[in-house]
Each structure stands twice: as structure tokens, then as C-alpha cells.
Amino acid sequence: MKDILTIIFRLTVACLLAGLVMGTVFIATDKAKKHNVHVNEQKVMLSLLGYSAKNPAPASVAMHEVYRYLVGEGEALAMGYLLPLRDGSFSFVTIDLAGGFVAQNPVTLAAEKAGEAEARTAAIAVALGADKPLRYADQTIVVTDGGKRTAYLLPGKFPGFKTFIGAILAIDPDFSILGLEIMEHEEDPGLGAEIDQEYFKNQFKGKPLETVKKLEVVKTPLPEEYLKALEAEKSGLGAAEVASIQKQYQDKDIYALTGATISSRSVTNGVKAMVKKFAYRLAILDRVLAEQHIATPF
Amino acid sequence: MATDKTNLQLVVNGILNENPIFRLVLSMCPAVGISTTVMNGFMLGIAVLFVQVCSSCTIALFKNVIHPRIRIPTYTLTIATWVTVIDMVLAAYLPEAYAKMGIFIKLIVAFAIITMRLEMFASKESVNASFWDGIGMGLGFMFGMMALGFVRELLGMGTLLGYDVLGFKPLLFFVLPLAGFFCVGLMMAFFNYIEIVYKRAKRA
Numbered sequence: 001m002k003d004i005l006t007i008i009f010r011l012t013v014a015c016l017l018a019g020l021v022m023g024t025v026f027i028a029t030d031k032a033k034k035h036n037v038h039v040n041e042q043k044v045m046l047s048l049l050g051y052s053a054k055n056p057a058p059a060s061v062a063m064h065e066v067y068r069y070l071v072g073e074g075e076a077l078a079m080g081y082l083l084p085l086r087d088g089s090f091s092f093v094t095i096d097l098a099g100g101f102v103a104q105n106p107v108t109l110a111a112e113k114a115g116e117a118e119a120r121t122a123a124i125a126v127a128l129g130a131d132k133p134l135r136y137a138d139q140t141i142v143v144t145d146g147g148k149r150t151a152y153l154l155p156g157k158f159p160g161f162k163t164f165i166g167a168i169l170a171i172d173p174d175f176s177i178l179g180l181e182i183m184e185h186e187e188d189p190g191l192g193a194e195i196d197q198e199y200f201k202n203q204f205k206g207k208p209l210e211t212v213k214k215l216e217v218v219k220t221p222l223p224e225e226y227l228k229a230l231e232a233e234k235s236g237l238g239a240a241e242v243a244s245i246q247k248q249y250q251d252k253d254i255y256a257l258t259g260a261t262i263s264s265r266s267v268t269n270g271v272k273a274m275v276k277k278f279a280y281r282l283a284i285l286d287r288v289l290a291e292q293h294i295a296t297p298f
Numbered sequence: 299m300a301t302d303k304t305n306l307q308l309v310v311n312g313i314l315n316e317n318p319i320f321r322l323v324l325s326m327c328p329a330v331g332i333s334t335t336v337m338n339g340f341m342l343g344i345a346v347l348f349v350q351v352c353s354s355c356t357i358a359l360f361k362n363v364i365h366p367r368i369r370i371p372t373y374t375l376t377i378a379t380w381v382t383v384i385d386m387v388l389a390a391y392l393p394e395a396y397a398k399m400g401i402f403i404k405l406i407v408a409f410a411i412i413t414m415r416l417e418m419f420a421s422k423e424s425v426n427a428s429f430w431d432g433i434g435m436g437l438g439f440m441f442g443m444m445a446l447g448f449v450r451e452l453l454g455m456g457t458l459l460g461y462d463v464l465g466f467k468p469l470l471f472f473v474l475p476l477a478g479f480f481c482v483g484l485m486m487a488f489f490n491y492i493e494i495v496y497k498r499a500k501r502a
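Top line first, the protein sequences correspond to chains D and B.
Counting from 1, one number per residue, gives the positions in the first sequence under this note's numbering.
Counting from 299, one number per residue, gives the positions in the second sequence under this note's numbering.
Please note that the accuracy of each hint is not assured.
[Unchecked claim] Not the full set, but computed from the structure, chain B residues with beta-carbon under 7 angstroms of chain D:
#, residue
1, Leu375
2, Val383
3, Ile384
[Said to hold, decoys possible] Derived DEER-like restraints, expressed as beta-carbon distance ranges:
#, chain 1, residue 1, chain 2, residue 2, range
4, D, Leu191, B, Ile494, 39 to 45 angstroms
5, B, Lys404, D, Ala279, 53 to 59 angstroms
6, D, Ser60, B, Leu470, 46 to 52 angstroms
7, B, Gly456, D, Phe9, 54 to 60 angstroms
8, D, Lys31, B, Ile494, 54 to 60 angstroms
9, D, Gly166, B, Gly483, 40 to 46 angstroms
10, B, Leu464, D, Ser47, 30 to 36 angstroms
Keep in mind the hints are simulated off the structure, nothing from the lab.
Virtual Cβ for every residue (Gly too), placed ideally from N, Cα, C.
Please build the complete structure, drawing on both the sequences and the hints.
Dropping the structure here:
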């Protein structure tokens, strides 16, 4: 009996010690880790837009972050958008599900605090009045070049084969896909994990909205010339050739990964849903912005 | 039962006499699964080296307060703690290295070689000796993985460290997990043969 008690006691102490060490390290490193993730995200976004260290984005290019929330308006549900305004302040625009304008509330929020989820949500709650239920939905980044919209960046998550797949999608103002980058996933190595390979994610490049709307996954093998164009860096194909092959396959469906049909289909459906929903919501938001004369920088 | 070996002997012992892969035949899962390229072997080797040294020192430090009946859970707990700590520190301060090594580090918790070394050595010896033994075992593991990776990468893909050396792919078979067993077996035989020849030469 005494033995059991000592064992229990020592194992508990060992676990507590281990927990203490891990917890301390977590607290000490969490901020730096989040910062790294953020920096990486920024880098990926710029590379999706075609900029890199060698070819940096010009000063006229600006990114404006729009945060979408779900707001409880009495019994009904409404969409809320936190929009940056031209004078540097923020405004929270609520739109009901039918697309009608409900309210516009100014939000007091420092520009550098907008990226922090807690501070942002708290500021919106203050502006709306405390008792309204509020839930963060997603984020869109509107990219402008000299005041004109050049692209939208949509960070998003959708269900994969095992857990969620996190991705960033870049689309141009006509809702054609500019590029797709997989940020996080836990698919099977060698099978579903191939979704982050060039030859899969580049298949989405250049697909127009009409094609994306009815995009499917096909199980025919990837044609040789298309593979070369998708892996242009590896095969050393010229830009002009790549563009002509991409054009040829632009309206085709997505070729599934061997042995990972579910993962391929998850990404395809995820991208499809993201683009479709975004196009629908943006049309409503743009109409409301024009009707209410809200001066956004994009 | 303190060891009578010097620090250098402890390190050499881990690399040659008690090489984790070719002599102790431990941690065969990673040896077979991951040693497809030299770089993979090196990355996993570094990760194991860190975790082995840290865990060995911790266990050697606390060996007198660990209840003998729960030593295995305690070892696992120690390894898991170190793996988590190294994982978090790398993610925070060395993001480039983490992008390459992250998946290898998370694999380590269940490695037989580390647990076995804690049981056989660190739980009986001083902190200093355990430190050098950990270094030896880590380097031995790295050497084994890189040697396997060298053979498999060269024969399977015709490359070394990602550079094309042969210009063609001799036998794709060597990259497949199955070939890992063949490689380990053949190399074990090769090293045993060298040892026999060496001993014979010494005797003569």
C-alpha cells in the first residue's frame, strides 16, 4: 500500500514538473512563434501576388484587411464587416442576410491593434453595445495598387481527409484564381500530403470563376506536358510555353493525386466554396458601400 | 557501477562498438522509414542528438529520486518534455530550421534508442558520463542514418544531398521502405566483416 502511494506521489510530481517546464517554455516562446507564423504568412501572400525578395512590391501596393463577423440582430443573424476607412479609422458595417443595410458603427481601434483578435473583438463589442452576440468568421485582404483593386487574398480553412487544411487563396478582381498556397495540413505523408506540391496546387492557377463554380476532380492521369508546365521551376520550361499550356488546361477539372482522391476533392471543394461565397458576399458588400457612401481605401 | 571509460572512449563507443543502428539494432522504424536521403538522416540525427543528451543528463541528475517501478513512464515523460521544449524553441527562434526539421523532432518521442540508453546507462552513471554517452549515441545514430541515406539516395535516385551525381536513377527500389531493411542488413554485414578483418590483422 505504501509503495503504491509513493508511486502515485512521485509520478504526480514528475508530471507536474514536466507540465511546469513545458508551460514555461510555451509562455516564453509563444509570442515569437506567432510572430514567425505572421511573417511567414506575409511572405506567402506577397509571393502569391508575384512579389519576392528579388522583385519587391512597389510602394503603391497596399493591403487592406477586412474582418467578417457574425452578429446577432435580435432573433436574426447578420453579417458584420470591420472596414478600414480612408482617414485611418475603422467602421463596423452590419448587413442582414438578405443583403439590406442595417447599421454602421464607428470603431475606436488603433491601426496596429487590428491584427490582434482579442483587442479587435473587444473594440467592436464596445461600438455595438455589449449585449449583442458577436463571432469572428473570417478575414479578407484587399490588395490595391495606387487605389485600384488588383487582387483579393482569402485565408481560409476547410475539412481535409484527417483534420482541417489551412490555405491562402489569391484571386483577381474578376474572381479568377491567381494562386493557392497550403499553409497547414495533416494529410498522410506521400499520399494526401502531396497537396502542397507544385503540380497539384498550381492546377488551380488561372481558373476563371465560371470554371471554378463547377470544378470537379477527375481520376485520369496528369498529362506529361501539363505536369512540366505545373512544375516550371523543375522542368525549366519558358514562361511563354507555360502560359500557353496553362491556357489550354484552364477550363479542365482538377487531376486527382494518386491514392489521395479524398484529399484532392477536399481541396477542390474548399477552394470552390471559398471563391463562390466570397464572390457572392463581395457583391453585396460593394453595393452597400456604394449606397451608403462609405469611404474605404479600396 | 560507475563506468571506467574516459569521455572520449564513451563517444567512440557510441559511434563504433555500440552503434545504435548497426550494433544495437534499435530504432529501426526511423532507420528504415526516413533514411532515404543523406539530408534526412542528418536532420533526424541532429534532433536525436539533442534529445538524447538532454534526456540523459536529466535522468542522470534525478536517478536517485526516480522510483524503480515507474522508471519507464518517467523516461517517456522526460523525453516527451524535451521533445516538446525543443520543438517550441525551434519554432520560435529558428523558423527556417524548424520548417525542415519540425516533422523529425515530433517523431522522436517513441524512439527505442533513447529510452534504452536512459535505462542502460544514464540511470546508473554520473551526469558527466551520461552527457558524453548521449553525445556518442547521438553521433552514432547520425552516422548510421547518414551512411544508410548515402547508399539509398545514391542507388535509388542517383543524387547526393539533392545534387545529381550519377545522372540516372539506378534502382528506384532503394528508396522504398522495404529496401531499408536490405540496406541495414547488408551494411551490418559489411561492418561486421570489416571488424573481423581488422581483428585478424591485429592478431597476426
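- Item | In rising order, the numbers of the hints this structure does not comply with | 3, 5
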